[in-house]
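Visitor: Given next are the chains, with one letter for each unit.
Number of protein chains: 2
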Amino acid sequence: MNHGTALLWKRRALSSLSATRRGLPKEKMSENGIMSRAKVLTIDTMNPTVKKVEYAVRGPIVQRAVELERELSEGMKKPFAEVIKANIGDAHAMGQQPITFFRQVLALCSYPELLSDSTFPEDAKSRACRILQSCGGNSMGSYSASQGIDSVRQDVARYIERRDGGVACDPDNIYLTTGASDGIVTMLKLLVCGEGTTRTGVMIPIPQYPLYSAALAELGAVQINYFLNEEKCWSLDITELQRAVNEARQYCNPRALCIINPGNPTGQVQSRQCIEDVIRFAAKERLFLMADEVYQDNVYAEGCQFHSFKKVLFEMGPEYAETVELASFHSTSKCYMGECGFRGGYMEIINMDDEVKDQLTKLLSVRLCPPVPGQALMDLVVNPPQPGEPSYGSFIKERTATLSALAEKAKLTEQVLNTVQGISCNPVQGAMYSFPRITIPEKAVKEATETGQQPDMFYCMKMLEETGICLVPGSGFGQKDGTYHFRMTILPPTDKLKILLNKVKEFHQRFTQQYS
Amino acid sequence: MNHGTALLWKRRALSSLSATRRGLPKEKMSENGIMSRAKVLTIDTMNPTVKKVEYAVRGPIVQRAVELERELSEGMKKPFAEVIKANIGDAHAMGQQPITFFRQVLALCSYPELLSDSTFPEDAKSRACRILQSCGGNSMGSYSASQGIDSVRQDVARYIERRDGGVACDPDNIYLTTGASDGIVTMLKLLVCGEGTTRTGVMIPIPQYPLYSAALAELGAVQINYFLNEEKCWSLDITELQRAVNEARQYCNPRALCIINPGNPTGQVQSRQCIEDVIRFAAKERLFLMADEVYQDNVYAEGCQFHSFKKVLFEMGPEYAETVELASFHSTSKCYMGECGFRGGYMEIINMDDEVKDQLTKLLSVRLCPPVPGQALMDLVVNPPQPGEPSYGSFIKERTATLSALAEKAKLTEQVLNTVQGISCNPVQGAMYSFPRITIPEKAVKEATETGQQPDMFYCMKMLEETGICLVPGSGFGQKDGTYHFRMTILPPTDKLKILLNKVKEFHQRFTQQYS
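Sequence lines, in order, name chains F and P.
So for the first sequence, my numbering puts the first residue at 40; every next one is plus one.
So for the second sequence, my numbering puts the first residue at 40; every next one is plus one.
The shape of chain F in the complex, shown without the other chains (with noise of 0.2 angstroms):
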């Protein structure tokens, strides 16, 4: 030790010792003689309610797909030549298109200099216009209002006006988000509140999609489950309602209710019958409901129809028009645009006390504005070309595509993994995943169990290594004990969705027969 490091000691000794005088963790050397100050931020110091956070769709079983993908690259030899991604409804990935249009007006807004270029179509440039008039100085670049722009907000109220056979929407009630996830997690953070027995508790569909149980967790608010019901086709029962609800009043203060449809991970389309019966339970319970409507476009098997619970609330007469809270989510990330990437969407808000809604707006200046290219995409999503128009032939033809295309895959991936012994899938009605069961030999749910994962998560992440196919495990989701499933994506291209099929089925074969 020389002089400098001896005097360098000195110091780090008085510093240490007053740590330990205010308690704090000492110091300690390692293996390079640095002092190694014990960190202030540590698994044990931090928030624990981020701790509780899971997000299943991007869990292990992604990160270990991403290492695969990079293992490939490198050379390595695997069982298979390439990753397929089926965990997340990433459409553009799995090789959809965007719609012309849309990219279009989307070029012309970023770069307006491209107004004078003659190949781009007229009602392009109209749309382009009209956005930019909307925008600061005329840009992109400039903040919007924090609620969202105010023509695409109007734009939005027409398009749910025409979506609702007439239902007047107020465009002061409709608030531009980041994707529908910031709207989510915006009005269950106005929900929560009170302690111990007093929490807010909010109702969420089992199975879910995480974001809610993420949301709820990190809030620290009480998540309340309610079962869909898998033997009839993933179906809401107000009975189960009813039990989850009054088995909750005995541990929090049930204050919010969550209804995804088309669902996620499930599939299902709910009949107008049965959003009514959830309205008159909410408003029974006194339950403000979160309608989370993002795949209102998928809706694919025949007899089943998208109804919005807007629609349904106002043609149920004023006694539910004029007291149900209820918040309808939005997003250009999925049905047949699939534009994840731009993180657009849109809430209505409806009934909201007014002191309520300041706080909203308050709350949302603080994060200045949703990102302006996405509010743009939501303007185009909501105010597509219209009949006469230069576009619109391409854009029914490529949006006809898209749907039809999804519709049967949907069909497909219901029809083929019915096929296979000890799968059983629901129809695929609506949305953009298959939910199927599966039986698991109980030799894996020993070996599972034993080496601390999940049976589904063994099971999905023998798939991957096996075969190159990642899909999600139903645990990630929340499913009745003793039952397993996964979800999968019907995204990939039609020729290479068969293919995944086919390898499902006899990775099924294979693992059933190894542990039978």
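It does not matter which identical chain is used: a pair holds within one copy or between any two.
With a straight-line cut-off of 27 angstroms between C-alpha atoms, the simulated DSS-like cross-links for lysine-lysine are:
{"id": "1", "residue 1": "Lys436", "residue 2": "Lys450"}
{"id": "2", "residue 1": "Lys228", "residue 2": "Lys91"}
{"id": "3", "residue 1": "Lys401", "residue 2": "Lys519"}
{"id": "4", "residue 1": "Lys401", "residue 2": "Lys501"}
{"id": "5", "residue 1": "Lys90", "residue 2": "Lys396"}
{"id": "6", "residue 1": "Lys91", "residue 2": "Lys396"}
Because the hints were derived from the structure by calculation, they are not lab data.
With chain F's structure known, arrange chain P on it following the hints.
Guide: For chain P alone, kept in the frame of chain F given last:
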């Protein structure tokens, strides 16, 4: 009352009864005969931490400005022809032009058909191709990794290395964010824990950018104020930091120290020595350092230079470089690009515990990913045209023009404001704002207090009504008791800024006279 209504009534009466039995608020009859249920979500039952949030930059004064704009557009007579929003750092809204190259690349990424358009320069095309190749399905519509696109993070890392004279930067430490605000809130979220006197305290400058106070209120963390020294050009004194932390240790657990450099709203640029002292202080007091460096290119005053906390930290040797935990934030919204609407940003994390890093990645994954167009823009900011590339000349010209104009306006603002008796303005060394101190006559203070307003809010509201100029009162940022300020951006075009400054001058003189 007809039969149907009577039946309805009976049902309501029953339902009301059961609500009473459960101890819930009774329903009440409204004027139109519709039963009005007590709302689930009211100002009394909403999240109390949200209520505590304040964000003056978009507060009541801006709401009034928007109203005034509407009134003007409706032909109402006012003593001014237009409202000038000098309340927020929204460059494009004030007429600043976007960098052509950036927008060309964004257009190419939005609509890749343009890659075959010969009017676009080759370097724009190669940047666009590189970005698209990093996107799933070569589309900005795909989700990126939650931490951000790999190649963008690599470019950010190389930018930081260049900026910091070769200090190494690991792309794994880079997280792309939705503007800088998102990163700052996320880091604070990780840091919050404990209750009562062990509750996390976070040191913030006063005056501060109110995102900090808003986020701390929402998270229920303890805000620890340290005062910048207005007499010494808003400099940071270590003795003041020491005072603040010593006092705070009596009622909370100080865990983080936030620095804004260059300063917002105060415009000072920290010296290298000061940054060293702050780092030493943070090490000694065991504080996680958060360096808000979004104005790193906005340095105007002679003799001032931007020094990143990261660089200074690494130059202080391993004792600090290997131990002090630091998060540094940057954004696409400020500097010469001013692209606020795209919500692009990044944070660099130094010396963070590995387990906490995993938790951070998990937390970010719930919101899926930052907006991809914002990520693309961040990439261009850190990887602009290089010498020899076709767009280099015009890029440098545009960037220089914007920064020179800002420097000129910073000087102009300081000079004009200091000609007014009762206004005293520190040099605007950097960032985009002046934060002059104003003398408010006692009579005006009295009138404000009587109407329940902060005196500087009273002053700014009066200025808005009389001149159409929208500023933010100093009370929205925090200031020493008995002192008053306002924040004004230096962003309006020079000729407009001159008019604006003269109007401020005249208003102040009138106001002073009126209340003397």
